[in-house]
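One-letter residues, chain by chain:
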Amino acid sequence: MKLINTLVIVLLFIGTCNATSQGFGDGGTLSGNFQIDAQTYNADSVIGAPKVDEQILSNAYLNLMYRNADFEIGFRYENYMNPLLGYDPRFQGQGIAYRYIRYNTEMLDITAGDFYEQFGSGLIFRAYEERSLGFDNAVDGVRVKFRPIEGVEFTGLLGKQRLFWNKGAGIVRGANLNIDINEMVEELLPDDLSVRLGGSLVSRFQNDNDPFLRLPENVLAYSGRLSVSSMSFMFDAEYSYKYNDPSSTNKLNYNPGQGLLLTGSVFGDGFGFSLNTHWIDNMDFRGDRTARSNELLINFIPPLTKQHGYALSAFYPYASQPNGEAGLQAEFTYKIPRNTFLGGKYGTTLDVNFSLVNSIDSTRIDKYTYDAPFLGIGDRTFFRDINFDIAHRWSEDFKTNLNIVSLIYDKDVMENEGAPKYGKVSANIIILDMTYNMNETNAIRMELQHMSSSQDSAFFEPDNVNGDWFHVLFEYTVAPNWFFTVYDQYNYGNEFEDKRIHYLNGSVAYLTGATRIQVGFGRQRGGIICVGGVCRAVPASNGLFLSLATSF
Amino acid sequence: MKTLKYIIPALILASMLFYSCDIIEAPYEENFNPVEIDSAKKKVLIEDITGFRCGNCPEAAAVAHEIAELYPDNVIIIAVHAGALAVPTPTRNYNFLTLVGQDIAKKFNLPATPYGLINRKAVEGQFLLSPSSWATATTAEIQKDAGYKLEIQAEYESSSRTINLEANVKALAMGAMNHFISAYIIEDSVIQYQQDDRLYPNIHVENYVHMHVLRGAMNGSWGTELSDEPLMLNQSIKKNLSFTIPENKDWVPKNLSLVVMVRNNDTEEILQVEKVKLIK
Numbered sequence: 063m064k065l066i067n068t069l070v071i072v073l074l075f076i077g078t079c080n081a082t083s084q085g086f087g088d089g090g091t092l093s094g095n096f097q098i099d100a101q102t103y104n105a106d107s108v109i110g111a112p113k114v115d116e117q118i119l120s121n122a123y124l125n126l127m128y129r130n131a132d133f134e135i136g137f138r139y140e141n142y143m144n145p146l147l148g149y150d151p152r153f154q155g156q157g158i159a160y161r162y163i164r165y166n167t168e169m170l171d172i173t174a175g176d177f178y179e180q181f182g183s184g185l186i187f188r189a190y191e192e193r194s195l196g197f198d199n200a201v202d203g204v205r206v207k208f209r210p211i212e213g214v215e216f217t218g219l220l221g222k223q224r225l226f227w228n229k230g231a232g233i234v235r236g237a238n239l240n241i242d243i244n245e246m247v248e249e250l251l252p253d254d255l256s257v258r259l260g261g262s263l264v265s266r267f268q269n270d271n272d273p274f275l276r277l278p279e280n281v282l283a284y285s286g287r288l289s290v291s292s293m294s295f296m297f298d299a300e301y302s303y304k305y306n307d308p309s310s311t312n313k314l315n316y317n318p319g320q321g322l323l324l325t326g327s328v329f330g331d332g333f334g335f336s337l338n339t340h341w342i343d344n345m346d347f348r349g350d351r352t353a354r355s356n357e358l359l360i361n362f363i364p365p366l367t368k369q370h371g372y373a374l375s376a377f378y379p380y381a382s383q384p385n386g387e388a389g390l391q392a393e394f395t396y397k398i399p400r401n402t403f404l405g406g407k408y409g410t411t412l413d414v415n416f417s418l419v420n421s422i423d424s425t426r427i428d429k430y431t432y433d434a435p436f437l438g439i440g441d442r443t444f445f446r447d448i449n450f451d452i453a454h455r456w457s458e459d460f461k462t463n464l465n466i467v468s469l470i471y472d473k474d475v476m477e478n479e480g481a482p483k484y485g486k487v488s489a490n491i492i493i494l495d496m497t498y499n500m501n502e503t504n505a506i507r508m509e510l511q512h513m514s515s516s517q518d519s520a521f522f523e524p525d526n527v528n529g530d531w532f533h534v535l536f537e538y539t540v541a542p543n544w545f546f547t548v549y550d551q552y553n554y555g556n557e558f559e560d561k562r563i564h565y566l567n568g569s570v571a572y573l574t575g576a577t578r579i580q581v582g583f584g585r586q587r588g589g590i591i592c593v594g595g596v597c598r599a600v601p602a603s604n605g606l607f608l609s610l611a612t613s614f
Numbered sequence: 018m019k020t021l022k023y024i025i026p027a028l029i030l031a032s033m034l035f036y037s038c039d040i041i042e043a044p045y046e047e048n049f050n051p052v053e054i055d056s057a058k059k060k061v062l063i064e065d066i067t068g069f070r071c072g073n074c075p076e077a078a079a080v081a082h083e084i085a086e087l088y089p090d091n092v093i094i095i096a097v098h099a100g101a102l103a104v105p106t107p108t109r110n111y112n113f114l115t116l117v118g119q120d121i122a123k124k125f126n127l128p129a130t131p132y133g134l135i136n137r138k139a140v141e142g143q144f145l146l147s148p149s150s151w152a153t154a155t156t157a158e159i160q161k162d163a164g165y166k167l168e169i170q171a172e173y174e175s176s177s178r179t180i181n182l183e184a185n186v187k188a189l190a191m192g193a194m195n196h197f198i199s200a201y202i203i204e205d206s207v208i209q210y211q212q213d214d215r216l217y218p219n220i221h222v223e224n225y226v227h228m229h230v231l232r233g234a235m236n237g238s239w240g241t242e243l244s245d246e247p248l249m250l251n252q253s254i255k256k257n258l259s260f261t262i263p264e265n266k267d268w269v270p271k272n273l274s275l276v277v278m279v280r281n282n283d284t285e286e287i288l289q290v291e292k293v294k295l296i297k
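Here the protein sequences come in this chain order: A and B.
To convert, take the position in the first sequence, counting from 1, and add 62; that gives my numbering.
To convert, take the position in the second sequence, counting from 1, and add 17; that gives my numbering.
These are calculated hints, taken from the structure and not from any lab test.
Errors might be hidden in some of the hints.
[What the hints assert, rightly or not] Looking from chain B toward chain A, a few residues come up when the C-beta cut is under 10 Å (computed):
{"id": "1", "residue": "Tyr88"}
{"id": "2", "residue": "Val140"}
{"id": "3", "residue": "Gly142"}
Quick caveat: nothing in here was measured; it's all calculated off a predicted structure.
No residue lacks a Cβ here, since even glycine has one placed at the ideal position from N, Cα and C.
Please construct the entire structure, taking both the sequences and the accompanying hints into account.
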C-alpha cells in the first residue's frame with residue numbers, strides 16, 4: 063500500500079508540473095539507480111558454511127529521484143527476500159525504506175521525510191547509509207538548512223531514526239552552525255588562508271519507565287570545531303561533550319562522555335604528512351538507550367586506521383571503540399621524482415602509515431560511575447598497524463605495487479566485546495600487485511599475498527582463521543567491458559591440519575555504460591568487513607553469486 | 018539587517034536545545050519494593066533467548082530474575098536456547114536446541130543472543146528486545162487487564178512417561194477469532210556447561226544450573242485453536258492435552274513444569290500465561 067501511495071504522489075507531481083508555478087522550469091529530470099546482490103548457499107561443513115533453508119538469498123535496492131527546479135522528491139525501495147547471510151535477519155521483507163520531499167534554494171533548504179546528515183566530522187552526529195554493512199540510520203522527520211549570508215549555514219533537524227522496517231524509540235533533535243570566515247568577510251584573512259568554525263547541539267528524548275533505575279529522558283551532547291587551512295597545511299580540531307547517557311552498550315554508567323579530535327597535515331612538492339589523533343570516552347550515542355550492535359547510532363567515531371583494500375591486509379580490520387579509545391595515526395606520502403635513481407623513468411610513490419589505538423585510563427568507582435582523567439591513556443593496545451606502500455611503474459606496460467603490513471590486533475576487544483578468549487593476534491603481511499598491459503585492450507593483473515600470524519591464547523575450538531595464509535589472484539581485463547578474475551586463498555598454516563583449506567573462487571564481470579554485472583562461483587571465507595570502523599560479520603559461504611548495479 | 022531577523026530566532030531555537038538535558042544525581046536506583054499485582058491483571062512471560070556459549074547471557078538471565086523478584090507471582094520466565102551460540106560443538110555436545118526454539122528464532126528473525134520476548138508484544142515495531150528494556154516492557158504489560166483466566170492442572174504417569182494437562186480457560190473479556198492455546202514443557206536444574214563472561218578469568222562453568230529451560234511443546238510450537246467460536250464474556254472452556262516424553266530424552270520429571278499460554282495467532286501477542294509444576 064505504501065509503495066502505491068508513494069508512486070501515485072510521484073506521478074501526480076510529475077503530471078502537475080507543467081502548470082506555471084513559482085520555481086518550476088520546463089520539465090524535470092528523473093534519475094535513479096538499482097542494485098541487486100544475490101547468492102546461492104551450499105552447506106559446506108569444512109569451511110563452516112551453514113545450511114540455508116531458502117538456498118537463495120538476496121538484497122535489492124531501487125532509488126528513484128525526480129528533480130524540477132528547486133523541488134526534489136525521491137524514494138528508495140528495498141527488498142530482502144530473504145536478506146543475505148551476515149545481514150541482520152530483521153531486514154526481512156520489502157517496502158519503501160526511504161522517501162522525502164525537498165525544497166532547495168540558495169538561502170533555504172527544507173527536507174520533509176528521510177534524510178542523511180553529518181555535523182563536522184560526525185563525532186556528534188552522522189546519519190548515513192553503508193550498504194556493504196547493512197547500515198542505515200536515516201532520520202525520518204524534518205530538516206531545515208538556512209543560509210542567511212555567504213559563509214553562514216545553520217541546520218536544524220528533528221525526527222526518529224530507521225530501525226529495519228520501523229523507527230527507533232527515541233526522538234532525535236539537532237542544531238548545527240557552520241561559519242566560513244573567508245566567505246563571510248572577504249578581506250579579513252589573507253587570500254590563501256581559510257578558517258572555518260562550527261558548533262552543534264544534539265539531544266535525544268526517550269521515556270523512562272524503568273522500575274529499577276532513574277534514567278535521563280533527555281540526553282544532550284554539544285560540540286565545537288575549528289578548521290584552519292592554507293596551500294601548505296591544514297589543522298582541524300573538534301571537541302564534543304555528552305551528558306549522562308546510561309545505556310545497553312556502556313554498562314548503564316552515568317558518566318558524561320567526551321571526545322577530542324586533532325588533525326594536522328602539511329603538504330609540499332611531492333610530499334604530504336598528516337598526524338591524526340583522538341581521545342574518546344563514553345561517546346556511544348544512540349537513538350534508543352537499549353539499542354546494540356549497529357542499531358540506531360547517532361554519531362560516528364572517525365577511524366584512525368588505514369582502510370586496507372587487499373584480501374589479507376583487510377583480514378583483521380579495526381572496529382571503533384566508542385566507549386573509550388585513544389589513538390594516533392601518522393601518514394607520510396612521498397612521490398620520488400622521475401628520472402632519479404629510486405624514481406626510475408616514471409617516478410615512484412611511497413606511502414608510510416603508522417596507527418596505534420589504546421584503551422583510555424579508566425578506574426571503576428562504583429556500579430554506575432568510573433574515573434577517566436581527560437586525555438589519560440590506558441595500557442591496553444587495541445590495534446597497531448605499520449604499513450608501507452610502494453607503487454612503481456617499470457615501463458609503459460608494467461607497473462607494480464608492493465605493500466607491507468605489520469599489525470597487532472586485540473581480537474578480544476574487536477570481536478568479543480573485550481571478554482577474554484583469543485588474546486592478541488600479531489600478523490605480518492606482504493603483498494605484490496603487478497599489472498601488465500599485453501596490448502591496447504588486454505591486460506593481466508596478478509596479486510601475490512602472504513600473511514604470517516600468531517595468536518596469544520590457546521585454541522579452544524578449531525577455527526578457519528588462525529595461522530598463515532597465502533593468497534594468489536589473477537585478473538584478466540579485455541577493455542572496455544570484460545573482467546575475468548580467479549583467486550585462491552589457502553590457509554596452509556592453520557594449527558589444525560584438517561582446517562588447512564583452499565578457498566577457490568572465480569568471477570566474470572561485464573561493464574557497459576553505467577551498468578555492471580558480475581557473476582561468480584566458489585568458496586568465500588567467513589570474516590569481518592569494516593567500513594570506517596563500523597563492522598559486520600560475514601559468514602563463510604559456498605555457492606554462486608550474482609551482482610548487478612546500474613544507474614539511469 | 019534582514020538577516021538579523023532570521024538569526025535571532027535561529028539562535029533562540031538552538032538555545033532551546035540546551036534545555037533538553039537531564040542530569041541525574043546519585044542515587045541512581047529507584048526505591049525498589051516487590052509490588053503486589055491484582056490477580057485479575059495479566060501475567061507476563063519473559064522468553065529469554067540464550068545459548069550455552071553466549072557469555073553475556075547469564076547476565077541477561079539475572080535481569081529476568083530481578084524482574085521476577087519485583088513482581089513475584091506475576092512473571093514467568095522461559096529460557097529459549099536458540100541462535101548460533103546454542104548449537105552444540107564437538108567438544109561440548111549437549112543439545113539444548115528444540116524445534117520450538119528454532120521456530121521462535123525463525124519467526125522473530127533472531128540475529129544474536131541475548132534477546133528477549135515480553136509476552137511476544139512488539140515495542141515500537143520490534144519484537145526482540147535487549148535485556149535493558151525487559152523491565153520497562155514487563156512493567157507496561159503487567160498493568161494491563163487480563164483477557165483470560167487460566168487454571169491449570171497437570172499430572173504425570175511415570176509408567177507411560179505421559180504428561181496430562183487440563184486447562185480451564187475463562188474469558189474475562191469478549192474473546193476473538195484466532196486465539197490459540199499453547200503449552201510448553203520447561204525443566205529446572207539442568208546441570209550443564211555455560212560460558213559466563215562475568216566470572217573472568219574462569220568463564221567456563223562446567224556445572225551451571227540452567228533453570229526453566231524450554232524442552233518442548235505439547236501441541237506444536239504455536240499451539241492449537243482455543244475454540245471454534247470466540248468465547249463470550251465469562252464463558253469457560255476446558256482443554257485437555259497429552260504428551261509422551263520420547264525415549265531418548267534425559268528430562269527429569271520432578272524438575273519439569275508446564276507453561277500454558279493463550280495467544281493471539283494474528284498478532285503473536287500472549288494474552289495470558291500460567292505455570293504449574295508437573296509433580297507437586
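Against the structure, the hints:
{"no.": "1", "hint": "Tyr88", "in the structure": "9 Å, holds"}
{"no.": "2", "hint": "Val140", "in the structure": "7 Å, holds"}
{"no.": "3", "hint": "Gly142", "in the structure": "3 Å, holds"}
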